[in-house]
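What follows is the residue order along each chain.
2 protein chains.
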Amino acid sequence: MDKPIGVIDSGYGGLTVATELMRQLPKEAIYYVGDSKRCPYGPRSVEEVRRYTWEMIDHLLTFEVKMIVIACNTATAVVLHEARQTLAIPVVGVIQPGAITAMKVTNNQQIAVIGTTGTIKSQAYSLALSSISEDVQVESLACPLFVPLVEQGIIAGEEAELIVKESLEPLQNGTYDTLILGCTHYPLLKPIIEHYLPSHVTVISSGEETAREVSSVLFHHSLNRKAGQMPQHRFFTTGEAKPFKAFAQDRFNLLSAKIESITLDHRLKLER
Amino acid sequence: MDKPIGVIDSGYGGLTVATELMRQLPKEAIYYVGDSKRCPYGPRSVEEVRRYTWEMIDHLLTFEVKMIVIACNTATAVVLHEARQTLAIPVVGVIQPGAITAMKVTNNQQIAVIGTTGTIKSQAYSLALSSISEDVQVESLACPLFVPLVEQGIIAGEEAELIVKESLEPLQNGTYDTLILGCTHYPLLKPIIEHYLPSHVTVISSGEETAREVSSVLFHHSLNRKAGQMPQHRFFTTGEAKPFKAFAQDRFNLLSAKIESITLDHRLKLER
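Protein chains in written order, with my numbering: chain A, 1 to 272; chain B, 1 to 272.
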């Protein structure tokens with residue numbers, strides 16, 4: 001099916017999912033919306049996150065996307081269930097793929113999760129994991145500084161190292177053997193995060209796992225794109241196009257990415 | 001949902017999938033059928049494989065399983081499409097999960113696949129991979145001796161090493177960076193197989209990946225088992241219960257596995 005896959009995020013972080021989708025599913029066209037103007041979502045109220053997320057989804061639905069990927073943990077925690085029940089197309093979030101993979105990887109059933117305040121507060125990972133196994137123990141830690149850091153493009157150097165080190169301090173003596181990066185921004189800090197974790201810990205990145213999940217869902221719904229033409233991706237941001245383009249180029253090597261600045265405010269459509 | 005997950009295989013090989021399911025989805029009950037009497041399926045005709053596979057599925061349907069896992073590559077290649085179209089419950093095969101994971105893992109888009117003669121002849125992996133990407137190159141090799149070896153319990157020692165070494169000879173100078181074990185028996189030979197492959201090659205085991213896929217499908221269909229009671233697994237074999245029990249105990253640590261010997265011959269039901 002020739003239609004694009006829609007991907008949404010609060011900002012740049014979902015690009016870790018989008019670029020993995022392009023790599024693992026090179027035939028598929030990706031339409032991306034990043035709500036950089038209102039990023040970060042982590043500290044926002046559930047109602048705000050819900051409204052903003054639906055605005056992004058509504059924008060993508062105007063292009064008849066064949067699937068929605070909520071590439072933001074905070075938005076997944078708030079909206080996934082409702083979106084799956086409301087929309088006729090498949091909706092994939094970033095929480096379940098990470099949780100399922102953690103169950104594959106862990107040997108001692110002790111899993112740590114780091115994420116935004118909103119994601120950790122929602123207990124979405126703990127709930128996802130305990131729905132799979134009653135024996136699994138989950139240690140959760142909010143790292144509220146990581147998203148602002150990444151959105152400012154600070155993903156290496158002294159400042160990033162110091163913030164990561166201090167944020168991860170509470171996890172230094174844990175017995176977990178697997179850690180989920182419960183935010184799509186965090187893979188950009190992965191080298192530093194791994195450096196400050198005990199060396200035996202396996203780090204799971206939502207981006208790769210979600211792309212893998214999307215590939216499964218496409219197959220199960222017979223939605224894979226058949227056409228041989230190069231897919232045309234599109235990127236929308238509620239912020240300014242220029243810094244988004246620079247970020248996409250520098251951090252994700254998306255050299256020819258076309259960035260379109262948009263306004264989201266579909267108040268009338270949101271009476272769901 | 002309290003119903004069991006049905007798993008079928010030509011013999012013991014699917015136990016690599018079943019035990020991974022028990023590990024990754026500890027709340028779920030697994031009902032397993034191994035057609036050891038008529039194993040191996042690899043050299044059989046398409047019509048035979050089709051008939052035998054449906055006999056196993058029909059046996060499991062009498063227990064109202066909530067999902068069928070075709071844990072045999074040969075049977076997946078022949079029956080998956082038909083079973084997905086015929087049955088009202090989800091059906092998961094072992095080919096797609098391995099192919100999707102290979103796309104996640106490979107860096108150079110060159111993937112090798114080893115399997116039974118039937119699986120390799122069916123080109124099921126090449127088709128699955130090329131449906132995802134046109135750039136991927138697939139090198140396929142049939143290793144017809146591996147299943148009989150494993151079914152005889154020979155998974156270590158000189159004989160196993162010699163057979164693996166000679167079988168893998170054609171892959172010695174390949175440029176692939178990822179190899180799919182395209183048969184659920186092969187993970188039992190994984191240490192030897194890895195020993196005789198170039199060291200940079202990542203080996204993907206269908207068992208782990210299929211269990212991960214089942215976990216996704218359960219979630220997407222809201223079929224996860226909620227109950228806290230220990231799940232009761234059942235194992236059926238068309239062969240003798242005693243060697244099956246010994247194999248399950250020795251190789252998979254299934255110490256309390258209850259093995260039931262059954263006869264499959266549902267000729268009247270097979271007019272599909």
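Keep in mind that a hint or two might mislead.
One copy or any two copies: either way a pair holds, since identical chains are not told apart in the list.
What the hints assert, rightly or not - Straight-line C-alpha distance at most 30 Å; calculated BS3-like pairs for lysine-lysine:
| # | residue 1 | residue 2 |
| --- | --- | --- |
| 1 | 121 | 3 |
| 2 | 3 | 165 |
| 3 | 121 | 258 |
| 4 | 258 | 165 |
| 5 | 3 | 37 |
| 6 | 242 | 121 |
| 7 | 190 | 226 |
| 8 | 37 | 226 |
| 9 | 190 | 3 |
| 10 | 245 | 121 |
| 11 | 66 | 165 |
| 12 | 27 | 165 |
| 13 | 226 | 165 |
| 14 | 104 | 258 |
| 15 | 242 | 226 |
| 16 | 66 | 242 |
| 17 | 104 | 190 |
| 18 | 121 | 165 |
| 19 | 27 | 3 |
| 20 | 66 | 104 |
No wet-lab data here; the hints were simulated from the structure.
Now for the hints, and whether the structure bears them out:
{"no.": "1", "hint": "121 with 3", "in the structure": "neither (36 Å within a copy, 33 Å between copies)"}
{"no.": "2", "hint": "3 with 165", "in the structure": "neither (43 Å within a copy, 46 Å between copies)"}
{"no.": "3", "hint": "121 with 258", "in the structure": "neither (36 Å within a copy, 43 Å between copies)"}
{"no.": "4", "hint": "258 with 165", "in the structure": "neither (36 Å within a copy, 51 Å between copies)"}
{"no.": "5", "hint": "3 with 37", "in the structure": "within (27 Å within a copy, 47 Å between copies)"}
{"no.": "6", "hint": "242 with 121", "in the structure": "neither (33 Å within a copy, 52 Å between copies)"}
{"no.": "7", "hint": "190 with 226", "in the structure": "neither (34 Å within a copy, 34 Å between copies)"}
{"no.": "8", "hint": "37 with 226", "in the structure": "neither (36 Å within a copy, 41 Å between copies)"}
{"no.": "9", "hint": "190 with 3", "in the structure": "neither (32 Å within a copy, 40 Å between copies)"}
{"no.": "10", "hint": "245 with 121", "in the structure": "neither (32 Å within a copy, 47 Å between copies)"}
{"no.": "11", "hint": "66 with 165", "in the structure": "neither (41 Å within a copy, 46 Å between copies)"}
{"no.": "12", "hint": "27 with 165", "in the structure": "neither (39 Å within a copy, 37 Å between copies)"}
{"no.": "13", "hint": "226 with 165", "in the structure": "neither (46 Å within a copy, 39 Å between copies)"}
{"no.": "14", "hint": "104 with 258", "in the structure": "between (37 Å within a copy, 25 Å between copies)"}
{"no.": "15", "hint": "242 with 226", "in the structure": "neither (33 Å within a copy, 49 Å between copies)"}
{"no.": "16", "hint": "66 with 242", "in the structure": "within (28 Å within a copy, 51 Å between copies)"}
{"no.": "17", "hint": "104 with 190", "in the structure": "both (20 Å within a copy, 18 Å between copies)"}
{"no.": "18", "hint": "121 with 165", "in the structure": "within (22 Å within a copy, 53 Å between copies)"}
{"no.": "19", "hint": "27 with 3", "in the structure": "within (11 Å within a copy, 38 Å between copies)"}
{"no.": "20", "hint": "66 with 104", "in the structure": "both (29 Å within a copy, 22 Å between copies)"}
Consistency with the previously given hints fails for numbers 1, 2, 3, 4, 6, 7, 8, 9, 10, 11, 12, 13, 15, ordered from lowest to highest.
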